[in-house]
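Residues per chain are reported as follows:
Number of protein chains: 2
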Amino acid sequence: MKELDEKGQRARTAANILSQVSSLDKNKALKIAAANLRLHAADILKANSTDVQNAELSGLKGSIIDRLKLTAERIDGIAEGLEQIINLEDPVGEVISMTVRPNGLQIGQRRVPLGVVGMIYEARPNVTVDVFGLCIKTGNSCILRGGKEAFLSNQALVKILRLSLSESDLPEDSVQLVEDTSRESAVAMMKLNKYLDILIPRGGAGLIKTVVENSTVPVIETGVGNCHIYVDSQADPDKAVAISFNAKTHRPGVCNAAESLLIHESVASVMLPLIGKKLQEKNVEIRGDETVCRILDYAVPASEEDWGTEYLDYIISAKVVGSLDEAINHINHYGTKHSEAIVTENYTNAQKFLNRVDAAAVYVNASTRFTDGYEFGFGAEIGISTQKLHARGPMGLKALTSTKYIIYGDGQIRE
Amino acid sequence: MKELDEKGQRARTAANILSQVSSLDKNKALKIAAANLRLHAADILKANSTDVQNAELSGLKGSIIDRLKLTAERIDGIAEGLEQIINLEDPVGEVISMTVRPNGLQIGQRRVPLGVVGMIYEARPNVTVDVFGLCIKTGNSCILRGGKEAFLSNQALVKILRLSLSESDLPEDSVQLVEDTSRESAVAMMKLNKYLDILIPRGGAGLIKTVVENSTVPVIETGVGNCHIYVDSQADPDKAVAISFNAKTHRPGVCNAAESLLIHESVASVMLPLIGKKLQEKNVEIRGDETVCRILDYAVPASEEDWGTEYLDYIISAKVVGSLDEAINHINHYGTKHSEAIVTENYTNAQKFLNRVDAAAVYVNASTRFTDGYEFGFGAEIGISTQKLHARGPMGLKALTSTKYIIYGDGQIRE
Chain L
85 MKELDEKGQR
95 ARTAANILSQ
105 VSSLDKNKAL
115 KIAAANLRLH
125 AADILKANST
135 DVQNAELSGL
145 KGSIIDRLKL
155 TAERIDGIAE
165 GLEQIINLED
175 PVGEVISMTV
185 RPNGLQIGQR
195 RVPLGVVGMI
205 YEARPNVTVD
215 VFGLCIKTGN
225 SCILRGGKEA
235 FLSNQALVKI
245 LRLSLSESDL
255 PEDSVQLVED
265 TSRESAVAMM
275 KLNKYLDILI
285 PRGGAGLIKT
295 VVENSTVPVI
305 ETGVGNCHIY
315 VDSQADPDKA
325 VAISFNAKTH
335 RPGVCNAAES
345 LLIHESVASV
355 MLPLIGKKLQ
365 EKNVEIRGDE
375 TVCRILDYAV
385 PASEEDWGTE
395 YLDYIISAKV
405 VGSLDEAINH
415 INHYGTKHSE
425 AIVTENYTNA
435 QKFLNRVDAA
445 AVYVNASTRF
455 TDGYEFGFGA
465 EIGISTQKLH
475 ARGPMGLKAL
485 TSTKYIIYGD
495 GQIRE
Chain F
85 MKELDEKGQR
95 ARTAANILSQ
105 VSSLDKNKAL
115 KIAAANLRLH
125 AADILKANST
135 DVQNAELSGL
145 KGSIIDRLKL
155 TAERIDGIAE
165 GLEQIINLED
175 PVGEVISMTV
185 RPNGLQIGQR
195 RVPLGVVGMI
205 YEARPNVTVD
215 VFGLCIKTGN
225 SCILRGGKEA
235 FLSNQALVKI
245 LRLSLSESDL
255 PEDSVQLVED
265 TSRESAVAMM
275 KLNKYLDILI
285 PRGGAGLIKT
295 VVENSTVPVI
305 ETGVGNCHIY
315 VDSQADPDKA
325 VAISFNAKTH
335 RPGVCNAAES
345 LLIHESVASV
355 MLPLIGKKLQ
365 EKNVEIRGDE
375 TVCRILDYAV
385 PASEEDWGTE
395 YLDYIISAKV
405 VGSLDEAINH
415 INHYGTKHSE
425 AIVTENYTNA
435 QKFLNRVDAA
445 AVYVNASTRF
455 TDGYEFGFGA
465 EIGISTQKLH
475 ARGPMGLKAL
485 TSTKYIIYGD
495 GQIRE
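Chains as they are written, first to last, in the numbering used here: chain L, 85 to 499; chain F, 85 to 499.
Calculated directly from the structure, the hints in this document are not laboratory data. This one's a predicted model, so the numbers in the text were calculated from it and none came from an experiment. It is possible that some hints are incorrect.
The list treats identical chains as one, so a pair stands whether inside a single copy or across any two.
[Said to hold, decoys possible] Below, simulated DSS-like cross-link-like pairs (lysine-lysine); rule was C-alpha separation at most 25 Å, straight line:
#1 Lys-482 - Lys-436
#2 Lys-112 - Lys-436
#3 Lys-293 - Lys-278
#4 Lys-243 - Lys-130
#5 Lys-293 - Lys-275
#6 Lys-278 - Lys-153
#7 Lys-293 - Lys-361
#8 Lys-232 - Lys-145
#9 Lys-293 - Lys-115
#10 Lys-112 - Lys-362
#11 Lys-243 - Lys-293
#12 Lys-482 - Lys-112
Construct all of the structure, not just a fragment, from the sequences and the given hints.
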């Protein structure tokens, strides 16, 4: 596709320049961008209100429109996000390790930018600025392909971001928006190996699956979370109630929210009513197996499909298991390798759960809601990787870097 | 493809078990495998001699047959390779870092196996055992798809490796050979996202290109090396001669050998004759630009194609450049991001080269031949990554691991 080839080439040229820019100059650009977003807020709001009107006319869901909609306050929050990135440490240039070999060669591993980052995402204009900030900070250029519902908003934002780069004497092609929002442009991005070093999809399960299954560009798979809370036979009841309630209801629409509750049979009849009662405070629908439905008369029967479903809503599936092993096997079978938690006071069970559950983040006695770049102390987040290559779990600035070996010699040759 | 689906499923089951095996037990299996390779050497040699005969009958190149051919001594070397892996530290289980968050959560990052490793390679039976050893040590299962010319050899080897696993009480499906050596089986592996966590191609540029451009499984791109030696205006002549000669002729058939010589115009007339004379000791053909051909009457004119060619032979392209910038731009344009070297006594030029050349390994005053897992001190190598994601440069055991976050709480919930 012509548009992407051209943008890819320009992004590559910009990346070569950006990779050599000092933290000082990159921070200056972020500061200018934050100021310009506030300065031109009216332009952004105007474009956004057209997007929102169109979305309403085409009958999109309220939750999608809520994510699409910008306000003066939200724009200020987005600008603040950029300013927060300024204060983070720039990982680029850090020498992770340097050793001296027996022949005197000094071999060091230095962090460098990835190069060109591609992003495919849905109708969330804040992602546009987030990704820009994280990429500029780490010396990467980016090509953004946002959802068509947010196109006018993204266009207004990227215009301001490019202006800001230009005012900072950085290449404005460091950020480029794909104008073609057809399915074809997404497919073309997935094959743009020549220019993209990485492609990150952010959005619903369908989008992510499509990108993972079709992209020949290296992908970081993010975000789908069918997360479980397992209440062990030796769980503390207060912790079990608090953690289940928090993980399910604190913010049900996000990937680290719990979607399924497993409970050991020896404590089910005591603890299920406690947890169920608490969940009823938020009108959570419980879809249970036979035993759960027997214990809780307000639970509805779960189907096989429920065990694999990420509801992102006030719904939770619930199952009674006969052993820790059964719980672990269930999680490894139905989970999405995102975040999983055990509630237990038993040391050996806790260790077994940590060792055997295959997920990006495995918790003992804490809510899965903590899987998040900010909560992990990274200061920022480009997404949560649920795959095993390159980065796993919340991805901060370091996930946007690669390394290169630098070797200082004094004439060494190989014998 | 049925064969791959079945093998994939079995490899996944084996990987789940392997991920929990102690270093002690994994080392025991490697020791038994090394002993069994020696014990059953006659079977391996018999199968191999049929492969070699067939290869000779079908008129394959001598260098390919040399790589295919096994001897009692080579089998002993392969077994010794396994024994060396025993002595390396097992990276699995290492907690890279653990921090305590303000809310008391202890968040650690622990190394875990990748899972299932796929390998597509050419007719080199030693790779079969190498990959087995590195995968077992790191708790990964592997699916091997070797070249059809080595099929009988690989079959004999894998039979012994599986027997050894069985004798060690490890799942024998930890190593599986793809029986179908058609193009279709390679293509099916590239789409086996459901079971493969990573796919590593090892072989010539054509094979690697095909895999990178067609695989939707995460790929680690390895090995193609169009490596340059740049002789700076302030190069030490002795170092320039020794490094150029070593990088080109020490082992011309490997990826870290130099393929191109760049030399600053201010020293070309003095140093080119010195370097050329030394290269003539090994009858290296020099393909030069106009200036090179004027200085060396035995050089032949280079075509545009030469600048991008990995000869893997006693041939080197040579070009006179007007500046360090020109050298860097040439390398970043024609290079394959493998290994690049500058010869200089000038501090600022050395730093500029290290900063601006985009490659897995960048050298000052040393031969590119050092880009190698053993020379870098990793003790083993599964390949040399020339891409930026997950691993870059020589890949040792750590490149075969991922991480997971383990979190110790005492009831924390997110407010």
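How the hints compare with the structure:
In this homomeric assembly, Lys-482 and Lys-436 come within 25 Å of each other (Cα to Cα) only across copies, at 23 Å, whereas the closest approach inside a single copy is 30 Å. With identical chains, the CA atoms of Lys-112 and Lys-436 are at most 25 Å apart between copies only, with a shortest distance of 24 Å across copies and 48 Å within one. When the C-alpha separation of Lys-293 and Lys-278 is checked against a cutoff of 25 Å, the pair qualifies both within a copy, at 22 Å, and between copies, at 12 Å. In this assembly of identical chains, Lys-243 and Lys-130 lie within 25 Å of each other by CA distance solely inside one copy; the values are 14 Å within and 69 Å between copies.
Taking the closest pair of Cα atoms, Lys-293 and Lys-275 come within 25 Å of each other both inside a single copy (15 Å) and across two copies (13 Å). For the homomeric pair Lys-278 and Lys-153, neither the shortest alpha-carbon distance inside one copy (35 Å) nor that between copies (37 Å) is at most 25 Å. For a Cα distance limit of 25 Å, the shortest separation of Lys-293 from Lys-361 qualifies neither inside one copy, at 36 Å, nor across copies, at 58 Å. Taking the closest pair of Cα atoms, Lys-232 and Lys-145 come within 25 Å of each other only inside a single copy of the chain (15 Å); across copies the shortest separation is 55 Å, beyond that limit.
Within a single copy, Lys-293 and Lys-115 get their C-alpha atoms no closer than 36 Å, and across copies no closer than 42 Å, so neither meets the 25 Å cut-off. In the homo-oligomer, the alpha carbons of Lys-112 and Lys-362 never lie at most 25 Å apart, since the shortest distance is 49 Å inside one protomer and 52 Å across protomers. In this assembly of identical chains, the alpha carbons of Lys-243 and Lys-293 never lie at most 25 Å apart, being 31 Å within a copy and 37 Å across copies at closest. For a Cα distance limit of 25 Å, the shortest separation of Lys-482 from Lys-112 inside one copy, 20 Å, qualifies, whereas the shortest one across copies, 37 Å, does not.
Of the hints listed earlier, those the structure fails to meet are numbers 6, 7, 9, 10, 11, in rising order.
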